[in-house]
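**Student:** The chain contents come next:
Protein chains: 2
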Amino acid sequence: MLHLSRPLTDYTINSARMREDFDALCEIGGTPEGGVDRVALSQQDWQARLWFADRVYDCHLKQDDDDAANLSGALRSSRPDAKTLLLGSHLDSVPNGGRYDGAVGIIAGLECLRTLHEHDLQLPFHIELINFTDDEGTWHSLFGARAVAGMLPPEVTSEARIENAAFSAALARVGLRLRDVANAKRDPASLVGYLELHIEHGTRLERANASIGVVTDIVGRTTYDIVFHGAAGHSGTTDMYKRRDALRGAAQFITRAHELVRARYGDGIFNCGDVAVEPGKYNIIPSKAELTIELRHVSESLMADMEMAMIQIARECAAVHGLTVDVKPVIHMPAAAMNPGFIQVIESCCDALDLSHMRLVSYAGHAAQVISQVTPCAMIFVPSAGGVGHAPTEYTPWEDIEAGANALLHTILALAASAE
Amino acid sequence: MLHLSRPLTDYTINSARMREDFDALCEIGGTPEGGVDRVALSQQDWQARLWFADRVYDCHLKQDDDDAANLSGALRSSRPDAKTLLLGSHLDSVPNGGRYDGAVGIIAGLECLRTLHEHDLQLPFHIELINFTDDEGTWHSLFGARAVAGMLPPEVTSEARIENAAFSAALARVGLRLRDVANAKRDPASLVGYLELHIEHGTRLERANASIGVVTDIVGRTTYDIVFHGAAGHSGTTDMYKRRDALRGAAQFITRAHELVRARYGDGIFNCGDVAVEPGKYNIIPSKAELTIELRHVSESLMADMEMAMIQIARECAAVHGLTVDVKPVIHMPAAAMNPGFIQVIESCCDALDLSHMRLVSYAGHAAQVISQVTPCAMIFVPSAGGVGHAPTEYTPWEDIEAGANALLHTILALAASAE
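Residue numbers (the numbering used here), protein chains in the order written: chain A, 1 to 420; chain B, 421 to 840.
For reference, chain A alone in the conformation it holds in the complex (with noise of 0.2 Å):
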C-alpha cells in the first residue's frame, strides 16, 4: 500500500519538460512534411533508442532489454517479492509517419517514471517503461510484444526460414539473434497489469470532445487470401451464360461481403484490399481472381460468426458462377478485453482530474491486445485531429497530451494505493 505525504491532487507531470522530449524526438527521422520515419531497426530507429537510453539514465532508471531488442526503464520498488507493473508503447514508425503514433506514449510514460521517482515513493511494485520492438510491422507486426506475452508463433523466429534472412541479419546488427528471442518472454506471475497511452487514430474523442478515452477491447483481426477459379475463354466467342469468370464471382462477393457486414455487423470491418487477375487480359475471361482480405469485430463470437458468413457469401458467389473458391486463411490476432477495474480505475482518476472522458473500441491493433494474453490491461486514448494516423499530419494538441500523462500517472498512483 502505498503511502503519500500530500495530497494526491498535488501530483502533477511536468509539462514543460516532457515537451522538451517530444521536441527531442521529432527530430530523429523528421521528415520535411513534418513526419518522421523511423522504421524498426533502421539507423533512425536505433538513434532514437540510444537517446530513449540517455533519458533512462538521466532519469534513474533501471535500464533493461531483453532477446527481442525490446528497451525498458524501470522505477525499482523495495520490496524484494515485488511483481511489475509494465507500461509500454513504441518508437518505430511507419514509413513516413506521423511524430504522435507510439511517441507520445513513451513521452508520458517516461515523465510518470520521472515524477514519481522525483517524490521519492515507497512503490508496492516496480514500474517498468517498455520501448517495443517493430511494432508496426516492419518486419512483423507487434514484434516485441509479442515476444513478451511468449505469442510469436515458430514461423517468425525460425532461422531455418529463408524469409526470415533479412530480419534476422538486421537483428545480427544489434547483437541479437532470432534463437533466442523465445527469452523475452515474461512470467505472467511476475506481472501487475500493463498501460498504455496511445493516440486515437479515429475522430470519436474529437467529435465528442472529450480529452480522454478509455479503451474497452480492441478488435480482432482476420486475414484471408480467398481465390476463385474459373475458366479463361475467348471474350468474344465463349456463350454469355455459359462463361466461369472468375472476376465476376469474386466483384459479385466483394459487394456483398460490404453488404452483409454493414447490415449484419454493426461493429465489424471488412475490406477487400487488393485482387490479382489471370491472365488479365482485355480479351480473355478471367481464369483466377486472388483476393487479399481482412475482416475485424470486437467480440471473438462475432468475429467467428462474420468469417462463417464471408465463407458462405465465397461459396455461393463462387457456385453462381460456375467457379472453385479456396479460402486461406494468413493471420489471426485475437479480439482482447480491457480489465473492468483498470477501466474503472482509469475513469475515477479522470473525474478526479477533472478531464473529461469516454470509453472507446479499438478498431486499430496495439500491444495491449497482445499483451492482455498474459496480464491485465488498459489504454488510455488522447484525440488525433481529423483521425489522422500513420501520416505525416498526424496532429494532437499538447494539452491533450499533458491531460493523457496526468491521467496516466494518477492511474498509476491508484493501483500502487490500491496494491496490497
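These are calculated hints, taken from the structure and not from any lab test. On a predicted model such as this, the values are computed, not experimentally measured, just so you know. All residues carry an ideal CB built from backbone N, CA and C; glycine is no exception. Some hints here could point you the wrong way.
When the alpha-carbon atoms are kept at most 25 Å apart in a straight line, the in silico DSS-like pairs for lysine-lysine are as follows [what the hints assert, rightly or not]: (1) B:662 to B:482; (2) A:242 to A:281; (3) B:605 to B:503; (4) A:281 to B:605; (5) B:708 to A:288; (6) A:242 to A:288; (7) B:482 to B:503; (8) A:328 to B:701; (9) B:662 to A:281; (10) A:242 to A:185; (11) A:185 to A:62; (12) B:662 to A:288; (13) A:281 to B:503; (14) B:748 to B:708; (15) B:708 to B:662.
Some chain B residues flagged as far from chain A (calculated, every beta-carbon gap over 12 Å) [claimed, not checked]: (16) 452; (17) 462; (18) 592; (19) 621; (20) 623; (21) 636; (22) 654; (23) 665; (24) 687; (25) 714; (26) 754; (27) 761.
Position chain B relative to chain A; hints supplied.
**Tutor:** Just chain B, lined up with the frame of chain A:
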C-alpha cells in the same frame, strides 16, 4: 461472263491434294501438344511463307507481295480491264495456337485456285489469294488487312515512336520499312470483293450439325480502361460509412455491367479482363482500381448505346461510393456487315452442293471486318469441335474443310458467272 464447258456440279476440289498441303503446313512450327506456334514475323512464320511461295509457283499462280509483307498468289484474267476478287486468310498463329485457325483459309484458297487453273477458264476477274501479315496481333492486330484497306492509324506506322522500334526492326529483317506500309493500300475501284474461309471459334455449327456457316455480320469491338479514384485509409479505424473505397465501386460496376449487357443487349458482349488496385494491402482501403474492359456488338448503333449505358453505370457506381471515375477509350474496331448479295450466292451454292448451312454472326474479329470498309465481303465458317480456338486442341473434321473449300470454289464460280 464465265463460260463453263461442263455442268457446274462437275467442278470440285481435290481433297487428297489439299490434305497434303494441310499436313505439310502442320509440320511448320508444329508443337508437341499437336498445335502450331507461328507468331507473326517469327522464323516459323517465314518458313510458312516460303512454303506458301513454293505452292504459288507450283500452282502456276502469279506471286506478289506488298509493303506490309502481305504475300499473294493470283490467277490472272486475260481481260485488260479485269478487277480482282480477293481471297484471304493468314498463316500466322497465336503463341501455342492450333493447326486450323487461318491455315484452313489458305489451303482452301490455294486448292480453289489450283482447281480453277486446271479447268483453264476464261475468268472475268483476277482471283488473288492473300496471306495477311500479323492477323493475330503479335505486333498489331489485323496489320496486313488494315494496310490493304488503308486503315492503319499513324501511331502504328510512325517510325518516330519508340513503341514501334521492335516492330520496325522485325519488318526491316525482311527488307520492309514502316514508312512504306501505306503503299500496300489497294484502290477499292480495282476490287470485286473479298471472300474468307475460317473456323467458327464457337459451337453453333456443331450444335446445329451444319457444315457451313454463312457470316452475316462481324461484331464491333471497343476496349476501355476505366479508373476509379477514392481515398486510401486505415481499414480498421476509418468509419465504415465514410470510406471512399475505389475497389468497392469497381466491384459494383463489374457486377452491374455484366447484368446490364445480359438484360438489355442480347447480342452484346462485356468482359472485364483485369483489375489493378493501389496501394493493394490487407489493411489499407483501396485508393485506385483500374479496370480493363471490352465491349462487342454486331450493331454499331447498339454498340454506341451500350457504351453510353456502361459509362453511365461507371459514373453511378463512382457517385454512390464517393469516387471519381476516368473512362479512357483504347481501341475501336467498328462492326461490319457482310454483303447481302454474296451471302445469297454462298447459300445458293451450298444448296446446290447439298451442304447444310446456317447464318451466323462472328463474335471474333477477322480480316473481312476491315476489308469490308472498302469492298463487299463474305465469310464462310466451318465447324470447330467444342468451339475451341487459339489452343493446340483446335480440331475441324476434314470433311467439313472439304465442304468449305467446295462452297468457296462454287461461290467463286457463281460470282464469275454473274459478272459482267
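**Student:** Hints numbered earlier in the text: which of these fail when held up against the supplied structure?
**Tutor:** 1, 4, 9, 10, 12, 13, 19, 20, 22, 23, 24, 25
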